[in-house]
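Protein chains in written order, with my numbering: chain A, 269 to 494; chain B, 66 to 282.
Among the clues, some could well be false.
[Unchecked claim] Below are the DSBU-like pairs computed for lysine-lysine, each with C-alpha atoms no more than 30 angstroms apart in a straight line:
| id | chain 1 | residue 1 | chain 2 | residue 2 |
| --- | --- | --- | --- | --- |
| 1 | B | K180 | B | K260 |
| 2 | B | K146 | B | K197 |
| 3 | B | K197 | A | K311 |
| 4 | B | K260 | B | K197 |
| 5 | A | K404 | B | K117 |
| 6 | B | K260 | A | K323 |
[Claimed, not checked] Heads up, incomplete: computed chain A residues facing chain B, CB under 7 angstroms, no partners named:
| id | residue |
| --- | --- |
| 7 | E337 |
| 8 | P350 |
| 9 | F368 |
| 10 | E470 |
| 11 | L472 |
These are computed hints drawn from the structure, not numbers from a lab.
Computed from a prediction, not measured in an experiment: that's the story for all the values here.
Positions of the beta carbon are idealized from the N, C-alpha and C atoms, including for glycine.
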Amino acid sequence: MEEIPNKLRLYGTEASPYVRRVIWALKIKGIEYDFVQEDLSNKSPSLLRYNPINKTVPVLVHAGKAIAESVVILEYIEETWPDPTPLLPEHPYERAMARFWIAYGDQKQHHVFHSFLACSEEGKEKAAKDLMEMLKIVQDEALGDQKFFGGNTLSLVDLCYGWLTSLKYVERVVGVRVLEPTTLPKLHRWMQDFSEEPLVKENLPDLEAKLPELETLRKHLMSTNK
Amino acid sequence: MPVKVLDFWASPFGVRVRVALAEKGVSYESQEEDLFGGKSDLLLQSNPIYEKVPVLLHDDKPVLESSNIVYYIDETWPSPKLLPASSYDRSRARFWTDFIDKKVYDAGRNIWMGKGAEVEAAKDEFIDVLKKLEGALGNREYYGGDQFGFLDIIFVSLSCWFPTYEKYGGFKVEEETPKIAAWLKKCYKRETVAKSMPDSQKVIEFVGMMRKMHGIE
Chain A
269 MEEIPNKLRL YGTEASPYVR RVIWALKIKG IEYDFVQEDL SNKSPSLLRY NPINKTVPVL
329 VHAGKAIAES VVILEYIEET WPDPTPLLPE HPYERAMARF WIAYGDQKQH HVFHSFLACS
389 EEGKEKAAKD LMEMLKIVQD EALGDQKFFG GNTLSLVDLC YGWLTSLKYV ERVVGVRVLE
449 PTTLPKLHRW MQDFSEEPLV KENLPDLEAK LPELETLRKH LMSTNK
Chain B
66 MPVKVLDFWA SPFGVRVRVA LAEKGVSYES QEEDLFGGKS DLLLQSNPIY EKVPVLLHDD
126 KPVLESSNIV YYIDETWPSP KLLPASSYDR SRARFWTDFI DKKVYDAGRN IWMGKGAEVE
186 AAKDEFIDVL KKLEGALGNR EYYGGDQFGF LDIIFVSLSC WFPTYEKYGG FKVEEETPKI
246 AAWLKKCYKR ETVAKSMPDS QKVIEFVGMM RKMHGIE
């Protein structure tokens, strides 16, 4: 594809939660961009050229310059287009807390979520409990009684926990519930409010079609997890 | 507003906070934590999730995770600026900070904690990580360009453990990545770095003790 100097181009996939958070940020800020759908089993030469170190999505290309790693991309978008919809607080301390919770989610999420998806039939209650405990910390310490992680308005933290809107598909495939009004009331309410935000609602990933793939992935992970 | 740092002498992550505060000319109280004998109540209350150092307490409010702390220091005390001027250069600094945080310490740890064939594999991985970082430096004076900056602080802090990795891995940073060795020499001449780094021989002894604790030697 030829370069379009001042345009934005986002390389990504439909299912990646790391890509999805970037899409939400761009949509919420009303920024136009091209989307290039990548097949991760057959990565494009452009993707490998723009992200030679990690070789993965998302990658944002702005005026020919590539930015990789979702949180790095989000900070770049926030700095470049701060108004009229800022997604980080102004005060350095609150920004530090926002960054802490984003990093916590990304560190813990990957491990605990993976364990949840890979758990055995006998181990699934425990796996669900582990995931629930991690989410309870986020609910109690980061969200509290606020409408969103950013307070009354959305912040990057909300976008980075947005993968919880897709947790129901994994719960279905594994066969056990985690995020419920009875188990995590505030976080469940947040998840519903977040999904209803217009620019989020219009841009939720289409994962219904991915369920068979998710089931196959679970079987594969279960068999290698022994 | 008072500044306090909960720290541990050998922690390379603590070094980051020391250097950043020194670069900004900020005075602070340092509290040495006894990570083996018993962490202080203040540490456990300030960082209940990870119970780790360093922690920066600014007017008693805790800031956690060393890279996060350096971002906070840069935003709170504006001069001199640690992050570069352009948005794109800042995104490069963030990218490589993330890379360093995910790769360097753990790859090094696999060297000194490794047994038998694991050590060779860990050494190869560590050198691969260094080579990528050497590529990122290119022909610049510093990672920050002409000036010592944010990414230099993030990376140089971890180098106090390099002699330990060299000893147990059987390699030399100078031979594998000469540009990094040259950049390190330049950084060590800087007063803020020199006074913040622990003695690397003492680190080697400390790691020797930890290996005994873990039953590796």
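Against the structure, the hints come out as follows:
1. Of the pairs offered as hints, the one joining B:K180 and B:K260 is violated, with about 34 angstroms between alpha carbons and a cut-off of 30 angstroms exceeded.
2. Taking the CA atoms of B:K146 and B:K197, the gap is near 26 angstroms; set against the 30 angstroms cutoff, the hint holds.
3. At most 30 angstroms may separate the alpha-carbon atoms for a hinted pair to count; B:K197 and A:K311 meet this at roughly 21 angstroms.
4. Between B:K260 and B:K197 the alpha-carbon distance is near 28 angstroms, which keeps this suggested pair within the 30 angstroms criterion.
5. Taken as a hint, the A:K404 and B:K117 pair is honoured in the structure, with Cα atoms around 21 angstroms apart against an allowance of 30 angstroms.
6. Proximity of B:K260 to A:K323 is assessed by CA-CA distance (about 38 angstroms); at most 30 angstroms being required, the pair is judged violated.
7. The interface hint given for A:E337 holds, since its Cβ lies 5 angstroms from the closest Cβ of chain B, which is under the 7 angstroms cut-off.
8. Annotation: A:P350 was flagged as interfacial toward chain B, and the flag is violated, the nearest CB pair being 11 angstroms apart, outside 7 angstroms.
9. The interface hint given for A:F368 is met, as the beta carbon of that residue sits about 6 angstroms from the closest beta carbon of chain B, less than 7 angstroms.
10. Residue-level restraint check for A:E470 is violated (minimum Cβ-Cβ distance to chain B is 27 angstroms; threshold 7 angstroms).
11. Given the 7 angstroms rule on beta carbons, the hint for A:L472 is violated: about 27 angstroms separates it from the nearest Cβ of chain B.
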